[in-house]
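Number of protein chains: 4
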Amino acid sequence: MIQYETRFNVRYAETDQMKFVHHSNYIVWFEMGRIGLMDSAGISYAGLEKQGYLMPVLEVGARYLRPARFGDELTMKTILPQAPGAKIKFEYQIFNAKEDLLCTGFSLHSFMNRNDRAIKPPKEFLLKFKEYF
Amino acid sequence: MIQYETRFNVRYAETDQMKFVHHSNYIVWFEMGRIGLMDSAGISYAGLEKQGYLMPVLEVGARYLRPARFGDELTMKTILPQAPGAKIKFEYQIFNAKEDLLCTGFSLHSFMNRNDRAIKPPKEFLLKFKEYF
Amino acid sequence: MIQYETRFNVRYAETDQMKFVHHSNYIVWFEMGRIGLMDSAGISYAGLEKQGYLMPVLEVGARYLRPARFGDELTMKTILPQAPGAKIKFEYQIFNAKEDLLCTGFSLHSFMNRNDRAIKPPKEFLLKFKEYF
Amino acid sequence: MIQYETRFNVRYAETDQMKFVHHSNYIVWFEMGRIGLMDSAGISYAGLEKQGYLMPVLEVGARYLRPARFGDELTMKTILPQAPGAKIKFEYQIFNAKEDLLCTGFSLHSFMNRNDRAIKPPKEFLLKFKEYF
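Protein chains in written order, with my numbering: chain A, 1 to 133; chain B, 1001 to 1133; chain C, 2001 to 2133; chain D, 3001 to 3133.
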């Protein structure tokens, strides 16, 4: 298992007229989390794309337990529960400063090339993560 | 079952550097679909909010089958599979102009008042939908 | 002068906790307007990009006169005041259903290739627009 | 003059298919900058809203000099060039890690209450800023 923490503040533009964060923004935050986790493991997602590897989202899910509000300082835990294979799953937990759990979620990914064809994950990607499992 | 169709074009701003629509936008589109479905059944979500009823998202999920691209004319089917009770579930299917299924998803909701307390759905809301089931 | 009208409804996700539309969304709407105007003149912006022409934004400005709210049916007038040359300027006016003017704005553009180099507008682009002036 | 610096990384979701940041996101960043500047001067914008003061945007403008890209570490300078009166103007400059200037902009604001009526800025707001000029 690899775990990575991202800290960030809720942006005003992320709220909606319900007066808390619009639920679609958590999906954007999840992305920040997995990119951060990969980075912490020595894998630059920007670098992968430059080599022609894209990692699209196959599936995403989120459960909203409590609202996040403008100005909240949030902590997101991103977890890679298993060594990645053809598919890669990330899990997410978002907490406020009082350590209330606000949201849990996951995303599922695979690799694709610039011609929209499914391809195997880059070897370097698999090797880097193998060390952790 | 109630079914409602929304037609719309992909906005340029909804793409990302993968050259297709960023996955978080589908979650925004789902919202357009359920608001349209409610409207078609005679329920104004804007009106509900004015009366103090909020319908937050408890859960959301999406599976991405094929990418949507800038300029694509999309059709979203929003489905209310069951008469709403304390919880309300919507399902979504998004198709391109060739009728390829691009994405399926769901969202789960309940009602809340302006003080963040869970409340029963408004009677009018339940009655309007009862006619269809 | 070319003028083009776009009609659309405010999305819930476009509001913020001030209870009206977040000002950044008007900038996204302007883009829908100019793409629609080009389309109406026989120019597909998606097509231009496929040929390697990008039309980045050099400058943008907006004045907000009255707020737009969730559910509002808006009409945007996009205006090309002059035949495009090396630079292309669009102007925008957004009205609600009561024809109140909510926002005016403009954007300034030029052409660029995939290597980030400034290039002349495609001939076809200039010719199509010449007819109108 | 007050000056405040915000550092942040470009999010993947902020890019578009032109392969750099969509221009509307800079407008969202400007907002982060002015909220940070107010915070640094002892004024919580969240607190102002709780007291019934809203600070809507009257006008916004941006000039895009060079593109920002995914993963770029950006620095935004937010400047309050003059003591705020009935209107408040902020200026913005965004730099990449090489200190290239990517974007300049401004926003103009006034105060409003929850009934959409123009009101004077809160005294505390004016006093806090007076110290700096």
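It should be emphasised that the hints constitute simulated quantities derived from the structure, not laboratory data. Among the hints, a few may not be true.
No farther apart than 30 Å at their CA atoms in a straight line, the calculated lysine-lysine pairs in the DSSO-like style are these [unchecked claim]:
#1 Lys2077(C) <-> Lys2087(C)
#2 Lys1019(B) <-> Lys87(A)
#3 Lys3019(D) <-> Lys3123(D)
#4 Lys2077(C) <-> Lys1120(B)
#5 Lys77(A) <-> Lys1087(B)
Can you confirm whether the C-alpha distance between Lys2077(C) and Lys1120(B) stays at or below 30 Å?
violated (43 Å)
Hint consistency between Lys1019(B) and Lys87(A) [alpha-carbon to alpha-carbon, up to 30 Å]:
holds (21 Å)
Going straight from one Cα to the other, do Lys77(A) and Lys1087(B) come out at no more than 30 Å?
Given pair Lys77(A), Lys1087(B) holds - Cα atoms ~28 Å apart, limit 30 Å.
Are Lys2077(C) and Lys2087(C) close enough, with their CA atoms no more than 30 Å apart?
holds (20 Å)
Mind checking the alpha carbons of Lys3019(D) and Lys3123(D) for me, to see if they're no more than 30 Å apart?
Violated, at roughly 45 Å.
The structure does not agree with the numbered hints 3, 4 stated previously, though it agrees with the rest.
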